Amino acid sequence: MNMGVINLDPSMAALTLSGVLALTAALMYLIYIALSRRAPTSSVEYGEAYIGGESRTVIKSLDISVRNLFWGIIWGAGRRLYLILRDRIHNGMMNDWSVYMITYIGFLSLIALVYFLALRWVAWT
Amino acid sequence: MDLTSVLMLVAGILFFPGLLTLWVASMLSEWWVRKMFARSQRRMGPSYVGPLGILQPFADFAKLLLVKSEPDYRYGSVLSARVFGCLGLGAVAASLFLLPVAPFSITARFDVILLIYFLGVWVAVSELLMAASIQNPFSVKGVSRLTAILTVAEPAFFTAVLTPVYLSHVVVGVTPELSVSAATDAAWYLWSNPLTVIPMVLALIAALTAIQSKLMLPPFNIPEAEQELIAGVATEFSGPLLAIFNFLHDADLYALTLVVTFIFLGGPHPFSNNLPAGVAVVVLKYLAVLTVITVIKSSFGRFRVEQGIKTLVRYALLPAVLAITLSVVLTQLT
Numbered sequence: 001m002n003m004g005v006i007n008l009d010p011s012m013a014a015l016t017l018s019g020v021l022a023l024t025a026a027l028m029y030l031i032y033i034a035l036s037r038r039a040p041t042s043s044v045e046y047g048e049a050y051i052g053g054e055s056r057t058v059i060k061s062l063d064i065s066v067r068n069l070f071w072g073i074i075w076g077a078g079r080r081l082y083l084i085l086r087d088r089i090h091n092g093m094m095n096d097w098s099v100y101m102i103t104y105i106g107f108l109s110l111i112a113l114v115y116f117l118a119l120r121w122v123a124w125t
Numbered sequence: 001m002d003l004t005s006v007l008m009l010v011a012g013i014l015f016f017p018g019l020l021t022l023w024v025a026s027m028l029s030e031w032w033v034r035k036m037f038a039r040s041q042r043r044m045g046p047s048y049v050g051p052l053g054i055l056q057p058f059a060d061f062a063k064l065l066l067v068k069s070e071p072d073y074r075y076g077s078v079l080s081a082r083v084f085g086c087l088g089l090g091a092v093a094a095s096l097f098l099l100p101v102a103p104f105s106i107t108a109r110f111d112v113i114l115l116i117y118f119l120g121v122w123v124a125v126s127e128l129l130m131a132a133s134i135q136n137p138f139s140v141k142g143v144s145r146l147t148a149i150l151t152v153a154e155p156a157f158f159t160a161v162l163t164p165v166y167l168s169h170v171v172v173g174v175t176p177e178l179s180v181s182a183a184t185d186a187a188w189y190l191w192s193n194p195l196t197v198i199p200m201v202l203a204l205i206a207a208l209t210a211i212q213s214k215l216m217l218p219p220f221n222i223p224e225a226e227q228e229l230i231a232g233v234a235t236e237f238s239g240p241l242l243a244i245f246n247f248l249h250d251a252d253l254y255a256l257t258l259v260v261t262f263i264f265l266g267g268p269h270p271f272s273n274n275l276p277a278g279v280a281v282v283v284l285k286y287l288a289v290l291t292v293i294t295v296i297k298s299s300f301g302r303f304r305v306e307q308g309i310k311t312l313v314r315y316a317l318l319p320a321v322l323a324i325t326l327s328v329v330l331t332q333l334t
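Chains P and E, in that order, are what the protein sequence lines are. The numbering of the first sequence is my numbering, which starts it at 1 and goes up by one. The numbering of the second sequence is my numbering, which starts it at 1 and goes up by one.
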């Protein structure tokens, strides 16, 4: 099966594979255009979106709004995290918020400091 | 690259492992999954076109592409759906060049990152944008669910893949470092070493669980949620667009199964890639992985979104992170 493995440098490999992607996609697109059939543009059947067999009037808008999409994902995927964040952190008290932010930024600064010292130590040894 | 290499690359794009092989292998994989799935439910599955119905997916594809008309949507962009479908297929084809399956395969230092980029980012984003191109409440809901699932599944899959690739370089010392081709040569050694077998088992479990969700197969088929969301992400597709979407899905199945076959199971090991016995071993391992995927598919009902994500975190993300952490710790200690 595999007769030749070409060893390239990473950037050349990325470039070559991007070329493969573009060429294959272009080829597939041409095959698609050549073989597929287009619908008559006046088709009423395909002009309407299918909404569970109901007419267009059953929904306010055809799209889910970006806000609802965002909250859908948040509530679906991160409900517990959201509740913790809301109850523990976002309680409306300015003082708590300041303490939280100072603690959080302090924690990040500590990590950065440890990382910096570790690098210095590695360089020194 | 010289002229011969360029010509071989073009031949690779056209025939093997490019478009023609990708199409044939994807359709055959679909047939295997459909047949096995049907037999597990005491149904016949594809039976009429070709011996044992093996040509049924080809006939379905040809009918959708050649006979049915491309819909004309008032809401949405058919052009955008077409373009992203083709880009997704291009990305799958590009990622196949990194596996030592091709007569002309490409290897480089850290090329596992390219595999993540092409097979993970490009394919997932193409699928999502293709589905989002034709707007409908059901397909948009399906897209949002698929996004939520992929947010966990993609990191889990590629952390799992990173484990054997990392171990093969650090423990076995294959070069170039973190290369997919090189990892294939060392995979079998990692299964025989008692120190590396635990991270390998964890990574394999994580990879198989993540594949199930990336492909929207049960129990992670909530993005297409038949009867609840009509067909979810694929609700508005019909005719040639549905053919491309199905092809992209099958091609993803083929490429992901092949990644497990090569990186985790060592591809043609114990034979060489160039021998007929090596080819037979690759086919057998490939069918074994495909069968495992089908058995998982037929054993579960559909999970809700939060159940699916919880399961993914428990059986894909955590084992994958544990596997890579164990690998790093073990290699640093020994």
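Derived by calculation from the structure, the hints in this document are not laboratory data. Check each hint, because a few of them may be wrong.
FRET-style restraints, in silico, Cβ to Cβ [as the list claims (entries may be wrong)]:
id, chain 1, residue 1, chain 2, residue 2, range
1, E, Phe300, P, Ser11, 42 to 50 Å
2, E, Val49, P, Arg67, 29 to 37 Å
3, P, Glu54, E, Glu306, 24 to 32 Å
4, E, Glu306, P, Arg88, 41 to 49 Å
5, E, Ile198, P, Trp124, 46 to 54 Å
6, E, Val295, P, Gly19, 33 to 41 Å
None of the values given here were measured: they were computed from a predicted structure. Note that CB positions come from ideal geometry on N, CA and C, so glycine has one too.
(message) I'd like to know which numbered hints this structure contradicts. Please list them from smallest to largest.
(response) 2, 4, 5
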